[in-house]
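These protein sequences, in sequence, are chains R and F.
Position 230 of the first sequence, counted from 1, bears residue number 230 in our numbering, the numbering being contiguous throughout.
Position 872 of the second sequence, counted from 1, bears residue number 872 in our numbering, the numbering being contiguous throughout.
You may find that some hints are simply not true.
Stated by the list, open to error - Here are the simulated SDA-like pairs of lysine to any residue, each with C-alpha atoms no more than 25 Å apart in a straight line:
#1 F:510 <-> F:438
#2 F:338 <-> R:328
#3 F:298 <-> F:328
#4 R:199 <-> F:267
#5 F:740 <-> F:794
#6 F:299 <-> R:429
#7 F:51 <-> R:88
#8 R:400 <-> R:156
#9 F:343 <-> R:35
#10 R:274 <-> F:368
#11 R:333 <-> R:388
#12 F:338 <-> R:417
#13 R:201 <-> F:267
#14 F:299 <-> R:88
#15 R:346 <-> R:330
#16 F:299 <-> R:249
#17 F:43 <-> F:91
What the hints assert, rightly or not - Now the in silico label distances, taken between C-beta atoms and shown as ranges:
#18 F:112 <-> R:410: 29 to 39 Å
#19 R:186 <-> F:453: 27 to 37 Å
#20 F:221 <-> R:52: 56 to 66 Å
#21 F:549 <-> R:186: 21 to 31 Å
#22 R:223 <-> F:440: 54 to 64 Å
#23 F:221 <-> R:401: 55 to 65 Å
#24 F:383 <-> R:365: 54 to 64 Å
#25 R:52 <-> F:456: 48 to 58 Å
To be verified - Residues from chain R that keep clear of chain F, each with C-beta distances beyond 12 Å, as calculated:
#26 38
#27 51
#28 54
#29 158
#30 247
#31 371
#32 375
#33 377
#34 428
Worth flagging that the hints you see were computed from the coordinates, not collected in a lab.
Ideal Cβ placement from N, Cα and C applies to all residues, glycine included.
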Amino acid sequence: MSASAVFVLDLKGKVLICRNYKGDVDMAEIDHFLPLLMTQEEEGLTCPIMSHGNVHFLWIKHTNLYLVATTNKNSNASLVYAFLYKVVEVFTEYFTELEEESIQDNFVVVYELLDELMDFGFPQTTDSKILQEYITQEGTKLEVAKTKVPTTVTNAVSWRSEGIKYKKNEVFIDVIESINLLVNANGSVMSSDIVGTVKLKTMLSGMPELRLGLNDRALFALTGRDKGKTVTMEDVKFHQCVRLSRFESDRTISFIPPDGESELMSYRINTHVKPLIWIESVIEKFSHSRVEIMVKAKGQFKKQSVANNVEVRVPVPSDADSPKFKTSTGHAKYVPEKNLAVWTIKSFPGGKEFLMRASFGLPSVENDEMEGKPPITVNFEIPYFTVSGIQVRYMKIIEKSGYQALPWVRYITQSGGRTAMLFRYSLYSKKRPIIYS
Amino acid sequence: MEWANQLCENRQFGSKMTDSKYFTTTKKGEIFELKAELNSDKKEKKKEAVKKVIASMTVGKDVSALFPDVVNCMQTDNLELKKLVYLYLMNYAKSQPDMAIMAVNTFVKDCEDPNPLIRALAVRTMGCIRVDKITEYLCEPLRKCLKDEDPYVRKTAAVCVAKLHDINAQLVEDQGFLDTLKDLISDSNPMVVANAVAALSEIAESHPNSNLLDLNPQSINKLLTALNECTEWGQIFILDCLANYTPRDDRESQSICERVTPRLSHANSAVVLSAVKVLMKFMEMLPKDLDYYGTLLKKLAPPLVTLLSAEPELQYVALRNINLIVQKRPEILKHEMKVFFVKYNDPIYVKLEKLDIMIRLASQANIAQVLAELKEYATEVDVDFVRKAVRAIGRCAIKVEQSAERCVSTLLDLIQTKVNYVVQEAIVVIKDIFRKYPNKYESVIATLCENLDSLDEPEARAAMIWIVGEYAERIDNADELLESFLEGFHDESTQVQLQLLTAIVKLFLKKPTETQELVQQVLSLATQDSDNPDLRDRGYIYWRLLSTDPVAAKEVVLAEKPLISEETDLIEPTLLEELICHIGTLASVYHKPPSAFVEGSRGVMHKRLPARTGSGEGTECPDVGNAAGGSAPEAAPSIIPSQGDLLGDLLNLDLAPPTTAGPTPSTSGMQMGGMDLLGGGLDSLLGGDIGGSPAMGAGFGAAPAVMPASLNAPVGGGLGDLFDLGGGVGMPMGAYIPPKTVWLPAMKAKGLEISGTFARRAGVIQMELVLTNKAMSVMTDFAIQFNRNSFGLAPAGPLQVLTPLGPNQTIEVSLPLSTVGPVMKMDPLNNLQVAVKNNIDVFYFSCQYPISMLFVEDGKMERQVFLATWKDIPNDNESQFQIQDCHLNSEAASNKLQGSNIFTIAKRTVEGQDMLYMSIKLSNGIWVLAELKVQAGNPNYTISLKCRAPEVSQCVFQCYEAVLKN
């Protein structure tokens, strides 16, 4: 069904640790993995699935490690990748960092976890909070606790243990909206969407029943109530705690939350977003001489709001040197290892417009290699504001002991990380000016 | 001792050390030391020693020599230590099977431990020790664990059954574990249910005929209930299992879909894809006019789009699957073009897949945006990506006619960049654009010619040569250009050589006066100085053609070529359907059936989409009940491969890359050609070989008098006809004629007995009658008339009974029939009501004619047309039949059928199963398309018929049966 064996390799292809789940693939096959990968890399065409004879390698890379699953069947590939990423998640929660050293330093626990995460190729318990109840890093300390299987492992509610206690019952809700946007050199918005996530930090005792109310247009359409602004969510994805069939039938988001931090849901909104920070640029390249960059950034959001940590990343040629910057606000610097000029503005009020000029020298003997034209990227964060206008209407918390609990809500809009606001630009190339002596 | 000192030190300092210290000791005598420690009395020391053993094992050292000592540590109440020992056992038991027995007792004991963690651990590990002797001892503990009170133990035991089955299937069956496993599907705990489903699916996959997953509405209901409660992984097991079920009717299908759709909102991409698989499969059964069908289509798009924000590897799997989904149901994502725009930092494998999908979704509505994006991509640095982007622009031109002009000018812009690989790629696609829109964009040829010298890739050179040859009359210096290539003829790749040969022959035919020398030169290079048989053959053919009949040569070589089609890289429909059933798996990523890459799966049945079965209407499918292997009733449509990748067009098409393979002549033409080649070719060789040329026994200088009757180059249009003629003449077998039956018994017609049959001879339908006078008096004045009938059959002349029919006299008469008479639909369709008159009375009878009488001689469809027609005819019009007890092989069958004007258009062999694609044209212009499946050794054929007038299918089937069995 999925993996026959799982390997953790270092960058040289040496096996750090492995677990043979099914025994139908020779464990020595892994020796072919790195050579295959190297060949692909040389050709510039890597692929997350490679095969050697009858053996297929499905792999991901994390820090200085390769996680590889082998199989000789028609396995469920998406399951294997989802599982490998889950392994990374679990190990990271156990060891803070998942890298070569942490594998070696904790090989006993790693073996234990590999034993518990998957059985005969079938992923089993992969919730690290639950695993931590019966597999701990301190072998000795756990003698007592380990004599029992946490009921959670096989419960229908497999993500929350019973008997959790807090003095003060609170739940923090973060609504974070990230903007994906691509603007062409001529200023037309090619594509844009909003990816929103609702994150919870739950500090609630017992087994609370929660219900989250959003200004979801589909919900209001269903109930016939129409109270002000609503938002159409294109696609919604939920943490496994949410009762999906309930949502499907009446759009109610009801769940028993996992303890602590978790991502409750994510959604996508397709509406046309006005780029919150608009970039205009003029980049002129005088061959063999210099590059002149002029970037204008304009805050196209409400005057009351402020964007924090605005970062405008402008690509420069890899052979550029002697940077000179001039900014109307903020601070600009050259990051040669990434071939970027980065302009940071700590606080950017709505409606304002700022300017940066930069110039770089170019060597007279020019780099022959073709260089791509990566777009200008803008990262930022605007607190207390969502582009889509999504709102938490209510959060109902019911627990049989009847305690009062407080929900706290916070909104942030951002761009950066997995999402990006990208601006393509035209590059004006000019020949070297003729100098008369 | 160093490590011991180190350990002591660590203790002294009380520092918290990590496990990495276990890796540090590498000394001689290590094994010996470890042995001593393992046998130490001190628990702590033992544990440390085992850890060191495991550490050594981890770095790949052989510590199997310590087997007995490690096993001795097994009996411990320390869980961590126990786990380590178990781990050791799993690794080494196979190499030490005899000693592994030592561990059995502990295992058995542990399976009864009060701590469920230990019970589960024991049963889990025991299953992983793949030693036959141990498995016997595993049975009793496993039986107990399957009924354990703790669900954690039960779920582990469920998986253990699959492990044991893998080692010793017979044992598992004998012990009745499969039944226990089936019972677990009704377990109260969803995790147990999920693992039981997973285990059963796994076993069923390796034993497709076991009928293990006996899915029925009750068990499906249980699975759907568990689906809501189990973990994300359990949901995947259940969904993948559900995908093997075939609902009984559209209502059941809909109700399952309704309960599966909520899974589309799951955060785990794998759950979403498995749900998509179930929905895509079951959707097939829903009537398209159902409201719910539309709702479902709408629901599928958003989750598919969201998959593109997952991790890149998951995106890749999603994209490969979306590629299939877009081909199967383009309507789902037709408005989502923008989400497939490539991101600058996407990994290359994601970029290439997105590009592919962009082209598939390109339409007139979005072409402007697509082109703008593609142009942007073409300026990037990643060579493979840029190439594909350039190629994509060409494909857009071919696909969206309105955009062709814009695409061409974009390509010209790109050629101006002078980036070598961009130029070459652009020339390759422009060649395809010429083949789609001839005589429209030739003005760009001059620009292309400027870049002649920079072309170093065979494909680009071949494309350029093709262009020069094709448009030789418009290029003043075409001869010089081609001559320049000729210099290094033998260093060129085959595709360039072939192309050059053809191009120069074209040039010669267009400008014979100046190029005689050139053509001589290339022909001799190709025929005398080359080792390549393809090149030689083509050279000889041209040579003979040119020397025999230049006019014919012109007709052949410069024949008008069919346009290339827009969708050239579609996955062949039967394969597509199979892949849809494998969404999310490796097969869907490779776009290959599992049998192509999984060993031992050759015999496994191919998964098929279920047939659409309206709940009310009866279906022809004999057995709708489903089998565990997911063998849906084979009523799903299937079709010929869309590209004749095997059949390169001798003259033109072999320079086309696989992605843009053009139209191909019919296979049957090819096969017939092949036969004729032997016949005609030999004749001419024997007859014409007077010159005694050393080259091939056939003197080409004095060209043989006889050209092989059918020049076997399957050239697009012109030669196709030639073939058909050859084929028709060469047919050894005539049309099938049913035996005569008595239509009118004497007692009903005052002594006149009429028996007869129908035949089609030389394109004429004939009613062959035998009239017998069983009365005492002479009969005269015969006449015949038909009632109106389904195909307008009518006598083409009077009934020719010229002499009176005396008593006990019999006469045979042939009555030619026409099909221009009045039409009325009959029931059955092929019923014919006849009135015969003689001097005594008028008699009426009805008879049924085999519909094959109406199959006309020009019923051979063009491959491409066939493909398009097959797609065009709604699936509802398809019907499927079984022909039993037919012992012909596919070739014999094909020949036999051709005698009755049932033409084989293509043949394909998939794992010993021959698929013949056939076309039939009825006298009234109705086309019937057929797919005949013939499995070697299996006397039962399956035939699927598709026709716009599905009423005829039954009759056509009867003909098949009659023709094949006689």
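Here is what the structure says about each hint:
no.: 1; hint: F:510 <-> F:438; in the structure: holds (17 Å)
no.: 2; hint: F:338 <-> R:328; in the structure: violated (36 Å)
no.: 3; hint: F:298 <-> F:328; in the structure: holds (15 Å)
no.: 4; hint: R:199 <-> F:267; in the structure: holds (13 Å)
no.: 5; hint: F:740 <-> F:794; in the structure: holds (20 Å)
no.: 6; hint: F:299 <-> R:429; in the structure: violated (48 Å)
no.: 7; hint: F:51 <-> R:88; in the structure: holds (24 Å)
no.: 8; hint: R:400 <-> R:156; in the structure: holds (19 Å)
no.: 9; hint: F:343 <-> R:35; in the structure: violated (29 Å)
no.: 10; hint: R:274 <-> F:368; in the structure: holds (22 Å)
no.: 11; hint: R:333 <-> R:388; in the structure: violated (33 Å)
no.: 12; hint: F:338 <-> R:417; in the structure: holds (21 Å)
no.: 13; hint: R:201 <-> F:267; in the structure: holds (18 Å)
no.: 14; hint: F:299 <-> R:88; in the structure: violated (31 Å)
no.: 15; hint: R:346 <-> R:330; in the structure: holds (7 Å)
no.: 16; hint: F:299 <-> R:249; in the structure: holds (14 Å)
no.: 17; hint: F:43 <-> F:91; in the structure: holds (23 Å)
no.: 18; hint: F:112 <-> R:410: 29 to 39 Å; in the structure: violated (53 Å)
no.: 19; hint: R:186 <-> F:453: 27 to 37 Å; in the structure: holds (36 Å)
no.: 20; hint: F:221 <-> R:52: 56 to 66 Å; in the structure: violated (43 Å)
no.: 21; hint: F:549 <-> R:186: 21 to 31 Å; in the structure: violated (60 Å)
no.: 22; hint: R:223 <-> F:440: 54 to 64 Å; in the structure: holds (59 Å)
no.: 23; hint: F:221 <-> R:401: 55 to 65 Å; in the structure: violated (36 Å)
no.: 24; hint: F:383 <-> R:365: 54 to 64 Å; in the structure: violated (24 Å)
no.: 25; hint: R:52 <-> F:456: 48 to 58 Å; in the structure: violated (32 Å)
no.: 26; hint: 38; in the structure: holds (16 Å)
no.: 27; hint: 51; in the structure: violated (7 Å)
no.: 28; hint: 54; in the structure: violated (5 Å)
no.: 29; hint: 158; in the structure: violated (5 Å)
no.: 30; hint: 247; in the structure: violated (6 Å)
no.: 31; hint: 371; in the structure: violated (6 Å)
no.: 32; hint: 375; in the structure: violated (6 Å)
no.: 33; hint: 377; in the structure: violated (9 Å)
no.: 34; hint: 428; in the structure: holds (14 Å)
In the structure shown, a violation is registered for the earlier hints numbered 2, 6, 9, 11, 14, 18, 20, 21, 23, 24, 25, 27, 28, 29, 30, 31, 32, 33, in ascending order.
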